[in-house]
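Could you put together the complete structure from these sequences and hints?
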Amino acid sequence: GAGVSQSPSNKVTEKGKDVELRCDPISGHTALYWYRQSLGQGLEFLIYFQGNSAPDKSGLPSDRFSAERTGGSVSTLTIQRTQQEDSAVYLCASSQRTSGGPLSYEQYFGPGTRLTVT
Amino acid sequence: RKEVEQDPGPFNVPEGATVAFNCTYSNSASQSFFWYRQDCRKEPKLLMSVYSSGNEDGRFTAQLNRASQYISLLIRDSKLSDSATYLCAVNRGWGGKLIFGQGTELSVKP
Chain A
1 GAGVSQSPSN KVTEKGKDVE LRCDPISGHT ALYWYRQSLG QGLEFLIYFQ GNSAPDKSGL
61 PSDRFSAERT GGSVSTLTIQ RTQQEDSAVY LCASSQRTSG GPLSYEQYFG PGTRLTVT
Chain B
119 RKEVEQDPGP FNVPEGATVA FNCTYSNSAS QSFFWYRQDC RKEPKLLMSV YSSGNEDGRF
179 TAQLNRASQY ISLLIRDSKL SDSATYLCAV NRGWGGKLIF GQGTELSVKP
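Protein sequences appear in the order of chains A and B. Numbering (our numbering) for the first sequence: 1 to 118. Numbering (our numbering) for the second sequence: 119 to 228.
It should be emphasised that the hints constitute simulated quantities derived from the structure, not laboratory data. Since we're looking at a predicted model, the values are computed, not measured. Using N, Cα and C, we set each Cβ at its ideal position, and we do this for glycine too. One or more hints might be untrue.
[Stated by the list, open to error] Here are some chain B residues the structure puts well away from chain A; computed CB gaps all over 12 angstroms:
1) Val137
2) Gln156
3) Ser167
4) Leu198
5) Asp200
6) Val226
[Claimed, not checked] Pairwise CB distance ranges (calculated):
7) Thr76(A) - Pro228(B): 22 to 28 angstroms
8) Ser5(A) - Pro228(B): 34 to 40 angstroms
9) Lys120(B) - Ser7(A): 27 to 33 angstroms
10) Pro228(B) - Lys57(A): 44 to 50 angstroms
11) Asn130(B) - Arg114(A): 45 to 51 angstroms
12) Ala138(B) - Gln80(A): 29 to 35 angstroms
Given below as C-alpha cells:
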C-alpha cells in the first residue's frame, strides 16, 4: 500500500517568511509524528498526534512552530518567521496507534521535506 | 549525556564480515526499541523492532539487555548493499515519540 507522503520535497525560503509543510500518513494510521533531522542535531522529535487526544508538543523548539491535523489524517507543520537555524529535513512518520500490540507502535517515515532558509 | 548513545562510526568492513553495533539508553523505563536503516539523503526505514530479549530476521539479529540498558544489532555475511547509517531508537513507554541515537555509519567494501 501507499506509504507516508510529504510535500513539498524541497523548499527554499527567505529568512523571515512563513512555510507550511504537509504530511499524509499511511491510511488507517491514527498516530502521526513530526521529526527534524539536521547535521548537528541528529533526528529530533517535534510533535505527535494520536486520534482526538491533545497533541504532545514537547519537542517544538519555539512558538514559531505549530502543527495541526485535520480530520485525523493530513497534518501541516507551520514555521513562522523562518530563521537559518530552521534549515533541516523535516520528517513525518505514522503508526497504527500508540496502544495495543507491539506492531502498532512501529513508526514509518515519509521521504521528508528539505527546508533551506537563506 | 545523551539519552540514547551509539557506537561512533564509521565502521569499514569487507564483504562477508560480521559486524555489531551497540546502543545504550539511559532511561530504565524505556519499553520498546528499534533499529532503522538510513541511506544517504533518504528517510529512515524500519529494520527491526525489539520488544523482548531479541529478534532475528535473516542475517540481522537484534538483542536487548535491560539490566545493562543496551541493545545491539548484529549483521552477518555483510553485503555491499548493507552500507548505510544505522539508527537506534528508543520509546520511553508504549507508543509516542522516539528518541534517536546519532547513528552509526557502515561501509561494506568489496
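For each hint, the structure was consulted:
Remark: the non-interface label on valine 137(B) is consistent with the geometry, its nearest Cβ contact in chain A lying 21 angstroms away (cut-off 12 angstroms). With a closest Cβ-Cβ approach of about 9 angstroms to chain A, glutamine 156(B) is found to fall inside the 12 angstroms limit, against its non-interface label. The claim that serine 167(B) lies off the interface is violated: its Cβ sits roughly 6 angstroms from the closest Cβ of chain A, which falls inside the 12 angstroms cut-off. The beta carbon of leucine 198(B) sits about 23 angstroms from the closest Cβ of chain A, which is more than 12 angstroms, so the claim that it is off the interface holds.
For aspartate 200(B), the non-interface assignment is confirmed: its Cβ lies about 19 angstroms from the closest Cβ of chain A, beyond the 12 angstroms cut-off. Its beta-carbon lying about 23 angstroms from the closest one in chain A, valine 226(B) satisfies the requirement of being farther than 12 angstroms from that chain. In this structure the hint that threonine 76(A) and proline 228(B) lie 22 to 28 angstroms apart at CB is violated, the actual value being about 45 angstroms. A C-beta distance of roughly 36 angstroms is found between serine 5(A) and proline 228(B), which places it inside the suggested range of 34 to 40 angstroms.
Remark: the range hint 27 to 33 angstroms for lysine 120(B) to serine 7(A) is upheld by a beta-carbon distance near 32 angstroms. Restraint check, proline 228(B) to lysine 57(A): a C-beta distance of roughly 48 angstroms satisfies the suggested window 44 to 50 angstroms. Distance hint check: the CB atoms of asparagine 130(B) and arginine 114(A) are about 28 angstroms apart, inconsistent with the given range 45 to 51 angstroms. At roughly 45 angstroms, the beta-carbon separation of alanine 138(B) and glutamine 80(A) lies outside the given 29 to 35 angstroms, and the hint is violated.
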